[in-house]
Structure formats: structure tokens, C-alpha cells
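Since the structure of chain A is provided, determine the placement of chains B, C and D with the ligands on it from the hints.
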Amino acid sequence: DGKSEFEVMRHLKNLSAKNATDLVCFVGAGFYDHYIPSVVDHLANRAEFYTAYTPYQPECSQGTLQAIYEYQSAICRLTGMEIANASLYDGGTALYEALMMARRITGRNRVLVDDAVSPIYRTIIYSYTKNLDIEFVEVPVQHGQSDRAAIKKHLDDKVACIILQNPNFFGAIDDHSDISCDAHRVGALVVESAYPLSLGLLKTPGEMGADIATGEGQSLGLPLSFGGPYLGFMSTKREFARKMPGRVVGETVDTNNRTGYCLTLQTREQHIRREKATSNICSNEALCALRAVIYLSCVGKEGLAQVAKLNYEKAEFAKSLIGKIKGVSVKKNSPTFNEFTVVLPRDPKEVIAAMIEKGFAAGFPLTRYYKDMENYMIVAVTEKRTKEEIVCYAQSLESVLWS
Amino acid sequence: DGKSEFEVMRHLKNLSAKNATDLVCFVGAGFYDHYIPSVVDHLANRAEFYTAYTPYQPECSQGTLQAIYEYQSAICRLTGMEIANASLYDGGTALYEALMMARRITGRNRVLVDDAVSPIYRTIIYSYTKNLDIEFVEVPVQHGQSDRAAIKKHLDDKVACIILQNPNFFGAIDDHSDISCDAHRVGALVVESAYPLSLGLLKTPGEMGADIATGEGQSLGLPLSFGGPYLGFMSTKREFARKMPGRVVGETVDTNNRTGYCLTLQTREQHIRREKATSNICSNEALCALRAVIYLSCVGKEGLAQVAKLNYEKAEFAKSLIGKIKGVSVKKNSPTFNEFTVVLPRDPKEVIAAMIEKGFAAGFPLTRYYKDMENYMIVAVTEKRTKEEIVCYAQSLESVLWS
Amino acid sequence: MELIFKKSAPGRRCTRFAKSDVPEARDLPAKYLRIAKAELPELSELDVVRHFTNLSRMNFSVDTNFYPLGSCTMKYNPKFTEDIAKLEGFASLHPLLPQLRLGGLLTQGALEVLYCMEELLCEITGMDNFTMQPAAGAHGELTGVMLIAAYHRSKNEKRKYILVPDSAHGTNPASAAIAGYEIINIPSNENGLMDIEHLKEKLTEDVAAIMMTCPNTLGLFETEIDKIAKLAHQKGALMYYDGANLNAILGKCRPGDLGFDVIHLNLHKTFSTPHGGGGPGAGPVGVKKELSEFLPVSRVVKRDDGMFCLDYKQPNTIGYIAPFYGNFLVILKAYAYILLLGKEGLIRTSEQAVLNANYILAKLNKYFTSPYPKKCMHECVLSGVNALDIAKFLIDRGIHPPTIYFPLIVKEALMIEPTETESKETLDYFIECMIEAARLSKENPGALKKAPQTTPVGRLDETKAARDMNCALL
Amino acid sequence: MELIFKKSAPGRRCTRFAKSDVPEARDLPAKYLRIAKAELPELSELDVVRHFTNLSRMNFSVDTNFYPLGSCTMKYNPKFTEDIAKLEGFASLHPLLPQLRLGGLLTQGALEVLYCMEELLCEITGMDNFTMQPAAGAHGELTGVMLIAAYHRSKNEKRKYILVPDSAHGTNPASAAIAGYEIINIPSNENGLMDIEHLKEKLTEDVAAIMMTCPNTLGLFETEIDKIAKLAHQKGALMYYDGANLNAILGKCRPGDLGFDVIHLNLHKTFSTPHGGGGPGAGPVGVKKELSEFLPVSRVVKRDDGMFCLDYKQPNTIGYIAPFYGNFLVILKAYAYILLLGKEGLIRTSEQAVLNANYILAKLNKYFTSPYPKKCMHECVLSGVNALDIAKFLIDRGIHPPTIYFPLIVKEALMIEPTETESKETLDYFIECMIEAARLSKENPGALKKAPQTTPVGRLDETKAARDMNCALL
Ligand SMILES: Cc1ncc(COP(=O)(O)O)c(C=O)c1O
Ligand SMILES: Cc1ncc(COP(=O)(O)O)c(C=O)c1O
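So the sequence lines, in the order shown, correspond to chains A, B, C and D.
Taken in order, the first sequence gives residues 1 to 403; the numbers are from the numbering used here.
Taken in order, the second sequence gives residues 1001 to 1403; the numbers are from the numbering used here.
Taken in order, the third sequence gives residues 2001 to 2474; the numbers are from the numbering used here.
Taken in order, the fourth sequence gives residues 3001 to 3474; the numbers are from the numbering used here.
Only chain A is shown next, with the shape it has when bound in the complex:
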């Protein structure tokens, strides 16, 4: 039967205490332990934000609407694109929506997928499209980066889009500009899945010529939350706006010519278009998008560059220590951002278990998704990791391996 608030609270505090809270986190794989400025929580906790719903009535929802407009603007500026939607569920479903969108735009049914796109996302897009007439071509990675030759081989006028990711799942950075050129030459689109925090430093999807940018917004002020709620973002070129899924807020004026914001391009959406809609999405991740725009406002132009650089530098430092451990090598064929691939002399699964006992979430074993990468693991280092923690990590890893 019903319980008091105090009892439920106690019960859930007990459950919460059964979970890890003091593991030092070096696991990434697309989901990162970044610092969240206190302001983000304080503002996203404003009741007027989180107890409202979709702003169907714009006059009494200008707060949500303007915030989404600002979020869309920030995503465009971050990714170097022209228009963004108000959010999708997460980075994986955003990628699925992107390929469906590419299919709508091109009328084609073949999709090239770089093998270094997150396998978590690849399994998602394959699952959703099982009943559809889509042909996927997976293109293996070459030296950790996208294999130009292989891609070129498969690129023809049957291809709706090519799906890329930067940095890729192995942490490697690439410049996909040349691939975009090749794709556009045959009328195929380029979908780039990006790690938004890395865009404080790295070349943007827009700069690389991508047609649709998507990704997981968790790094922008969202806690890891055991998997959700997260934030799928999507931005694209203006010409594709009407093919884009999801809610969009636009600027307009009221009867007195005052600037205001409202949902727009609704004729693409399910509540108007029903079975002909560009997507079935209705509730999205609005509050997460709000967190993202607050986060981006907090760190600002300089802060985002700074935090991206910190991630890069700390990871480089970790690389340098880990690379010195006997029998361990760090993959170096391409530069990386804050995550990199390490080859261990033993099964990483065991090593990771031993590291957990030392208080570290040491990394993610690649063999789960890449059968031939048995001794590989990826290690992520964010701005939250101190020098001391990194040094201690390397020492622990050494002792796990050799004593």
C-alpha cells in the first residue's frame, strides 16, 4: 500500500547507495563524465520550465519557446549548420532520424555506414529499419580513420547518405571534407554524428560539408543518469528544413509587432500530418535541450574552447603515462580528442574488473563490438580528471598487469 514520502525516500536512498558513486571514471564510449556547472541545475529546476509542456499556446509559453530558439541557435553555431530542431530522444535515434531524412530527401535506399560509427548507434539504426527496404553497407576502418578508398568504391547514385562520426568510436579525429565532396558528387548526403563538447576545438560538421549533423548532447550539462534522459540533437542546411523531423521554434511578431516565438513548420508533424509526417516524435527532450543551452551559455565561447582543450590535454597526458607501461601500447595512427584506444597484454575484461576493485572504471573493452579487437579497450579522460587521478590510474593499471 501507499507509503509516506519519508519512507519512499529512505528506500530509494538505500537503493541509490548500492550503486557506485566513487569510481573514478575513465569510461566514455559516447557518454562522458563532464563537469556540470551548478547554475544548470538551478535554472533547469525552475518550476515554470519543468512543469510546463510543449508550448502549443505561445503567448503563455514564451519562456520555453525563446529558450528552445536559443538552443537551436547554439546548436547551429556549434555544428556550423543553418537550422536545428528542438531535440530528439538521444544520439542514436537522432542518427536513425537522420538517415530516414536523407532517404526522404534523396529518394534513395542505400546507406553507407562507417564501421567506426558507435556500434551502439549502428545496432539502433539497424533495428529500426528492419521492416524497411534499406540496404546498409558497412565500410571498415583503415588505420583508425574512415577508409576513403572503400567509401569511394561504394559511392554511387543509389546511395542516400553516408554516415560518419567524429571523433569516431575509437577516439580518432578525422577531417571528412573530402568524403563530403565525393558524396555530393553523386548526390548522396553526409550525415555526421558529432560529440558536441569536442566542437569547442574540432572542425565542425558544417565545415566538413556535412548535410545533417546529429549527436548525443549529454556532454552539454546532462548527468550520466544511467542512460537517460539524454538529448539527441540535429541540425542541417536550410534547404532541408522541411524534411527535418521534430519540433522547430521560429521567430515571428505579434499583433503589435513585438518579437515572439512559436512552434513552426508544424505541417511536417504527426499532429497535423499523421501518417505522412516526417517523424512520429511528439514529446521530445525539451528540458535536456534547455540544460544544453544553459550549459553553453555558462561556458560561453571561451569556456567551451577551454574545456575542450582541457579534455584533449588530459587525455594526451594519460596517453603518455599509459604508453609507458610494459606490454601496453596506445594506438597512435591518428590524433584523438579525449578518448583513445589502448592495447593490453591481457583480456581487458579481466583488467577492468581488477581496476574496479581499485576504484577505477578503467575503460570499455572493444571486443564487445569488434570481434577481432580482443585486447583493445578505449579510455576516456575528461576535464574532471585531475593529474593525480591520472597518475594513480596509470600506476594501478601497471600494478594490475604486473604484480
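One should not assume that every hint holds.
Only pairs whose alpha carbons sit at most 30 Å apart, straight line, appear in this in silico DSS-like list of lysine-lysine [said to hold, decoys possible]:
#, chain 1, residue 1, chain 2, residue 2
1, A, Lys358, C, Lys2019
2, B, Lys1003, B, Lys1018
3, B, Lys1130, D, Lys3158
4, D, Lys3202, D, Lys3374
5, A, Lys309, B, Lys1003
Calculated directly from the structure, the hints in this document are not laboratory data.
Treat the numbers as computed from the prediction; the structure is a model and nothing was measured.
Chains B, C and D with the ligands alone, transformed into the frame defined by chain A:
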């Protein structure tokens, strides 16, 4: 030099972790481990409340003003008095203000103090009045309650007021109505220090004929906070309003006859009256008062009665178990609310230390303040203590004493 | 208010990061770098706080206003569930931890929440298994339709159609279409219920499923639901239940017992997790045991030794529909809500929700056209003279308007869902305002056209918005 | 809005407590019980939340409005300090724990905060010791005056007077009077500074102390402060520093170096803890070593082994002025603030605070009378045609008015303290509004009289409030 938010946060989390968080609390002595409904924090955290200041400009401060008016009303209803101020620093300084007020009202300089008034508060009032011409007469307790005969003996027309507390420091409940009668007969006032949560059940200061009620409002939704901020409340009879210290909010109307609230009776205050003011208080504990009125609104009429009863019942249950332990006796000469006096076969200081190692803050030793009560300790049991915890407490106490 | 980008001033900083404590690294090759820094605003912490705090104040919300937005169940959400979602053991938990050896041990509390929630939802709905993964109702629908497809595929059938009543929420046909089905619309009859004769006509062996909302979006309970289910099953079609309106029947009847095979719930509606200005939600999907084998991986299972773990070995699964285990923090809040209310509380919820809607219907019946003037369930649909004008008038009275122009089959529809958490005093105030609106729309429609006047902006030029497509300050 | 008591409906419940898990106890004798339950409102959680949320929306506040309330240092307070004050190890800590054997071990983190804060404040102010106990500025003053009394008593002197400039904050004379002293007011000279000749006249051997605020409430730095201190000390009087205006001189000069013997600080002003709608604050008192022995007990000390503990053995102490260690959570926030800013940050704070005030003074000089038209420190005082009208006009522009009619020695005073956290854009907007107000007060004073019009209520009848004395709904 300056540090980042993240670094300061980490430093203070580390310090916080050095403090007890999982001791099961049976210590009271005027400061209690009560449940705070989640709503209290959520509402008191509204930025418009906590980043405003004293509502000098009423038109743009109606939120704070109405909330204080409601707080004053709730305090009056709780204590059975007619007018209340907007808050004082804490229960101890409130008691000091009350005796100063009694002195102003009566023009007399002698103060009777019941020995069972919190010694923490008695030391405070003695400290503040050291440079003033006030004569204190301490009246020892008789069988745990106020000693009528002794009080009568000291009561005469030199006495400004008599200071009482209910429940008293030993936890005993009393009905001071007869003392009020006696006091009023000689023109002395009665100041009653009350434990507001107990007023869900117990006879009010008003019902006992007290002239000024004061007390510590911590039990009304304030965390223990290692000693502050707390909340001194004060209520009194209408006739004494202009002698009362502290801010007061009153109801009035605006130019369009709309109801509104503003600071009133300001001519008593330091910013107008300067050295002739009824008190020097300026900043008070407004946010704590807000918490109190939110707390009282959350529990409501029935809830306050219920929680008071729970405190009483749990303490009675604890008494019954503790009383059965060999060599331990529970003082029974007067009924108690949620705190009671236990006599141990050994020095409580040692016993308490041993209990801390078992995870309990077991009680407070009386010998610190009452030299002749060497083996006495007071034990408090709030609604948060479960049956299981109480049973475990009793078992641990027994094992500390006898094994 | 001015856009935050326009408040930017060079050099201003809010969040400062610690200075680097590691050696400088070699610069990345320029070709991998963005040309110029992202033009994010440069602001002080006060700038950011004042901007978003004041933005928030431009919203209506449940905590500040009555919000009877039909089909959205804008109930009040107990605050303590927010606190629970902030507990570090939940909020900071990395989702990949259970996929590391020994890591699962350190997520037992979180896995237990998921496991228990599945059990509770099965009990509440009469289904056999649930997946907690879908992030919203529509996501649940898509998952559900994929399950239906997998089911028919396992029977070596490739059915082409999904039947959807014309009163269905737009997400139903959209989800079914996206999953690869063709949609056949079934009209409602004069009682606002599904037209069974028409249904029979369309219900062939090529139909994969019927998607229904019950009570439907007119707030009416499909009286012949058992008959419909029987008809469907006779043809080998499955019954899909859109659970957005579960608030109406909580503890009173169970879709599983009514013959439904697949169901999605909107935790952010029925189970009281705040709507977040549009999300996040959670749309768990429940199935009867014939469909359990198709559920998405991973599945949370309880081992004999009491440990919880993740099972990926489901050969017939539809696969991965989310990166992990769903919108965990949303699920967690809903779990806390269910524990708080308990069975009795859930029953009281639906009783009060239905009572409140009927109270409004009874009081407003004579001032508005009630297309189906029977008793309603948790919401009622009225038809006004001009739904938009009435909506805007209500805004000036401090009330968030009902859903308007939906369901599409009612002209000038006003879809009112008061929910169980609103008091009679609030309902009475709403009724009073509605009556005034009805009066004004007869006596002085021009006055209504000027509403709202108390908001930061008046009625907006939506055509201009769509034409200009100014959706970002670039 | 309606009072919360009027929203009550019998039987409604918000907070529910767990049912009792212990046996029923015998009822207490009736004579100890209240006759009827306290008439608190009966409400649902939604009722409570909507009431107080909407009340909050009727306030101006730093997070929503520019709030240049002079003498109050309404700076923006970094949000993370709020989070720190919620950490369970601080917020839930019982204050009696360190008084139990072994309990002190479990409060080391809290005691360290107090200890470090004392050290930091000594460094910042140039004093030798601090007590963190006073709960607010005025409380600090009273404590300070008690220390002064104890000091003179220890010298077997009983001095009668305390000198206070006429520009002093009202709490200064009030605190001194309450502690048992008689007050002698010292007028200001034509430059807004203390009239030294007058001072000399009053400064006898019967004077216990001079209480000064520096910069004073006119925002002016007492240029002859060293001379005044010397004069006082020659007569055996002590110098008291009201530190409410420390924001002006942070890191630039230290009261301890200027000859002050006793000082109180307002952590809720200078050190950025939010003002809470009137409190709580914290008013630590610092003293030179000659007065340290009189400080209130307990004192936090650090043992040789690095452990922190409480020392009660201070034979000459003035005693107990607070139940425990002060407004701990407020002190904690201030501590976090100081760590965040560091020395450089504190210096920048006073520089920017002074710059902002002077910017306003320079821009408004020609539109208002500036009684002392020199440069000011952290705040400036202007004299308007009608300070009240200007204040109310500003409200309609979304600005919280400056302090008005204070200091008393300036007619129609407007005391403006912008603080360092406000941007130039905000200051410019304020200046623009002030200029408009100045213009209107000449051209159309009637229009000003109608302000404010954008607030829930207009100007209130304060006389009626005082006459009716309706201060509670009984
Ligand atoms: C009946 C019905 N079905 C489905 C949905 C879609 O749910 P969601 O918005 O969570 O995707 C809604 C949402 O309003 C609804 O009312
Ligand atoms: C100069 C001055 N001194 C003393 C005080 C009193 O401080 P508190 O309000 O904290 O008691 C104030 C408060 O405004 C002040 O401005």
C-alpha cells in the same frame, strides 16, 4: 588564489564527508532531527524568495510580505497568541528579547528563571545582560516540573517576568496556568519558551496565560545545520505589540483598495528610532520563517497533530524498552513529549562514546549543565526514528552497559 | 526579452574551469580544428541566471497555473521525486558500468528499480512483460509496432495494414507508417466510438493490428472493446493499446484483461513525471507473453541468488531501440510515485480524475456544445464557438487553455483534462471563466479576439514564422 | 493573492507521515493538551506549491532584477554555494555532536570550515581573532559592544558613552544602547565626513568607543580615520568598525591596519550569501589581540595533532551569545565564495564595485543633487526631488529602488549601491531610467505619483497598517 567551482565543490564535499551523516540521532536538547518535507526546500529555493532582501518596497515585495504575514498568523495560531513578529535570530536570543520586552513593559528589573529552562538559553540571557541592571533569580525544579512554592515565594511587585519552558529541558510537560495567575496577580509577565512542534499536541502558551511566547523554530522545517541558521519566534498579546522587538508585517490596502501587505510598526525599530528602538535587530531569519510557514502549510492542521503524536508515541515506546535495561531507570515523575531523562549506572559520557561507535548519537549528558546530575542523560525520539532503530538502540545500550 | 546572444560582451565569463594541471600537449593539426571559436555568448553568471530565470517567468506551468491540456494529463508531480532523481548514486551512474565485469555489482540499486518497475507495470496493466526503454509515448508506439511486425514475421506473415480510428492521436498513424505499415482510418460513429461495421469491413487477414486509445481521445470508453478485440484476434491481428489515457482507468480495469496484446504507457502523464516543457518522458511498452521474446534487448533479469543483471541473449529480439535502459531518471520518478500512492492511491487517482472531468462536463454542458453528451472519463471534449478565442481568453484569466482543435473530428474542439490533483475551487474558477467566455463569444466576440493581453506577447503571426523560417540566430 | 488559510479545505493533506510502527501510548492527561488543534490550513501539495510559487513571483529579487539597494550590497551570489550548504554532512549535522565524547571526531569537516574562515577573515581585515557566532550585522555590533564593555571592565573602568556619527546605520546606536551605553551623536561636516572638532569635544575619558562605518553610509571614505583612531586611543576609547561596507575596500586596505579594535562583517553582504528576503545573515566579529580573551565561547581551536576542537575554557569571556557556532550554513557559503574568488578575485570585487558606483555618480550628477559631489566608494547618495516617487517609478521599469530616505542627514536621499556583479548594460539602463525619472519629476510629477502600476498592488496605505495593526489572521 581563486579556484574553480569544481575545485571548491570537491574540497567542500571532502570536508562534508568528514562529518557524521549516518549516526542515528537520539540527541535533542532543544534541536531535533525532524523530517522535512521535500516541498519546503523546493519552495524556499525559489530565487525570488532567497535573493530578495527585507521588503522595504512593498509593491515589489508582496511575495515576501504576504508569506511573513502568513507566518505570523501561523505562529499566533500555534502558540495561541495575538500577534507575532517576523522572526528573531534563534530561540535563545528570542528569550533574551522577551525578557528585555518584559522589562520595558513593566519597568521592573527582577527576572525569575525556572531552572529547567534550557541551560543553553539561560547562559545566553545572562551573557547579554551582564552590563545591565537586571537581577536574576533561578528557581530550582521540583520533581522535574516548575516548583510552584518556590516561585510563589519569589513573586512580588519587583518581578518583571518569570521565564518558563514547556516541555522543559528534562523533557517534562507541565501546565503553567496556575503560575501565570500568580504572576499576573503581582503584575509580572510570564514568558514561555515553547517547542513549536510539540504544540501540535500540548497546551499552548496562550492557553496557559503566558504574555510572551518565544522559542526555537528549527523543528518547523529547518535542518540541524550544525547550529544555524535557526529561527527565533515571538508572539504576544495585542496590547504589547508596540513593545515587541523585530519586524512586523501588517495588512492594509492600496490606492485602489486592493489588499496588500507592508512592514508596519516601524517606529519601534532601529532604522527610525535608533538608540530608542525596542531592539537593534535588522536582518533577521526571514528565509527560515518562510520555511516554517511552508512546513506548517504542508503538514497542516491534522498533520501537525499527527506528527506530534508520533513523537510522543515513539518516545513512550523507547522509554518502555530503555526502562527495562538492568540498572537503567527512566524518570517518570512527570509526563514527557518526545524527550525524557534516563539515569544510567555509569557515566553517560562514556556510554555515549561507546554508542557513537555503534552508530548512535545516544543522548545528551545532563552533568554538563547540572552538576548534581552525574549519571543523567536526556534522550530524544522523533517521528523519523523507526521501531527497528529504537529496538536496536535499546539493545546496543544494554550491550554497551553489560557486555 | 532580448536573445541571450545579444547580451554577450567579450571577455565575460560565467563557468571557469580549473587551470590545467597537466603538461601542455602538442597542438592538433590545423586541418582537424574549427576555424573560429563557436560564437556562444560571453556572459557573467548573473547574466545567465537573470536571463533564464526571467524567461521561466514567461511560462504558464502546472506549479503556477491550472493546465487542463487534454490528452496530456498535466497533473501535479510530487516534488520529492525530483530529489530522488538527484541522488548521486542514480544521477551520476555511467550506463556502461553493468557491461563491465564486476561493474554490474555496482549498479544493483538502479537495476532493481528497473526490475521492480517492470513488475509494477505488469500488475497495473495486466501485461506479462515490459521494456522500459522507449523515451516517450510515440517511441513506445514505434517499438510496439516493431514488436507486432516481429510477431507476424515469426509466423511468416507479412501483413500490410494497421487500422487506426480517426479519433487517434497523430502519433499512432505516424508510428505505424514509419515502421513500414499502411494506415487505414476507421471513422467514429455518432456516439464517438469506433464504428464496428466499418471496422469489420476493413479487418482482413492483411491487418497486422488495430491501434486504439481507451478511453479514446473524446474521453469515451469504447463500450465494445471486447468485441473489437475478439474480431481482431479472429483475423490474426493484434490489439495495440495507446496508454496515454491510462489515468482514467488506473486500478479499475486492465488493458491486458480487455484483450490488448501490446501497450505503451506515458509515464510522464499517468505516472506523474513532470513534462519538462515538452519532455523528457518515458514510454514503456508492455506485451502479452506471446510477444515477450521479441522485446528489445537488454532485458533486466533477477538471478536465483537475487542479483539483477542484464540479459542480451534474446535471439528473436527486435534489437536495440535505445542506447541503454530508457530514460532512467524519468522511470525512477514514476517508480517513486507509484510507491507513494500504492494501490489505493492509484485507484483514488482515476476516480478523482474521472469525477473532476465529469464535474466540468456537467457544469459546462449547457454553455457549450458537447458533441457526445454522455458521461466522460478523465477528460471531456466541448465544442466552442471559436476554440482559439476561448483559449486566448483563458490565458488572460491565468488558465492554460485546454487542447484545442483536437480531436480533429470535433469542430472547434476544446479538450479538457483537469486531472485528479486539482481542487474543486480551481475547477469552479475554470468553469466560471469558461461561462464568461461563452457569454462573451456571443455578446462581444471582438473582445475575445483581442485576448490575450496580459502576456509578454499577444497573438503571434504563425504564417510569418513558417514563411521566414527564422529558426536560429546564426 | 488570497491568504493560504483561506484556501484550506477540511480533509486535504499534503505531507503524510508514515503510520505509527510502535504500540499506541496512553493518552497524555487532558490538562497538558491543547483544547483544539492548531488552525493550520488543510491543503494538497499542489495547493501549497502553487501558493508559494505564485507568491514568489510577486517579488523583485537579485536573480530577476537590478537591486541597487544602498548599504545592503545586493550582489549576485554564485549558485554553487547553495549546493554546498545542502551537502548532508553539513546540513544534517547536529550541533551538540562535538560536545559528546568521540562526537567531535565526526564534525571535523565542519569545525575546519569555522577555523579556516576565522583565519581568512583575520587576513582580510587585519584583525587577530574572530568569533563566527553573531547571526547578523546588528548581532555582531551588540557582541562587539559587549566585548568593549568587557575590555573596559577588565581595566576596572565603567565608561558611559559611545560616540556614533549621525550618518551611522540605525543599528549602531541601537546596539550600543541595548548593551547599556548612552549614545552621543557626532554630526557630519560639509564634506559628509565626521566633524573632528565636534568629536574632540565629546571625546572624554568616559567614552567607551567610537562606532564608525568606513566608507560611511554616504559612500565616502573617512579621510582622517587614522587621526580619529589616534584621538580615541589617547582617551582610552576603542574604535569599532561597522563592516557592512567592506565591499568597498576588500583587498585594498584593512580596518585592522587603520586602527580599529573591533569589527563586525556582514557575510550576507560582502561575502555574497543571499539575503533570504531579510535574513539569515552572519555577522562575525573580529578583534585585536587585546580583546581576544573576551570573545564569546566556544572558540574553535586546532590542536597540535591537527584535530579541531571547541574550547570553552575562556575565563574572561563575555559568555554565550548564540546557542552554538553561528549561522553555520551562511558561514559555509561565504567560505566557499572566498575560496572561489581568492585574493585576486576579492581585489577585483572592490575595484569593480567602486567603479560601478562612480560610473553611476558621474552619469547622474547633473540630473540630481549630489550632496557631496566628490568621488564615492562602493555606493553613491543622490538627492532627488521626491525620492519616494522616483523609487516607485523605477519599480515600473523593473528595477528595485535604491535605499531611500537614508542616510537621514541627506534630504530625499537615494542611496545607490550597484555592486560589482552588475554589467555596464544594466547600469546604463538604470541611468537611463533615472534620467527619465528626473525629467518626469520636473515636467509631470503627477505621473510619477501614480507609479507603480505594473505591480500586484499600488502604493499602500501604511498609516492604516499601523493603525489597524492587523498582523495576523487569527
Ligand atoms: C493519446 C496519445 N497518444 C500518444 C501520445 C504521444 O506520447 P509522447 O508525446 O510521449 O510521444 C500522446 C501525447 O500527447 C497522446 O495524448
Ligand atoms: C552600515 C550597516 N551597518 C549595520 C547593518 C546591520 O546589519 P544586519 O542587517 O545584518 O543586522 C547594516 C544593514 O543594512 C548596515 O547597512
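Tested hints:
{"no.": "1", "hint": "A:Lys358 x C:Lys2019", "verdict": "holds, 27 Å"}
{"no.": "2", "hint": "B:Lys1003 x B:Lys1018", "verdict": "holds, 21 Å"}
{"no.": "3", "hint": "B:Lys1130 x D:Lys3158", "verdict": "holds, 13 Å"}
{"no.": "4", "hint": "D:Lys3202 x D:Lys3374", "verdict": "holds, 28 Å"}
{"no.": "5", "hint": "A:Lys309 x B:Lys1003", "verdict": "holds, 18 Å"}
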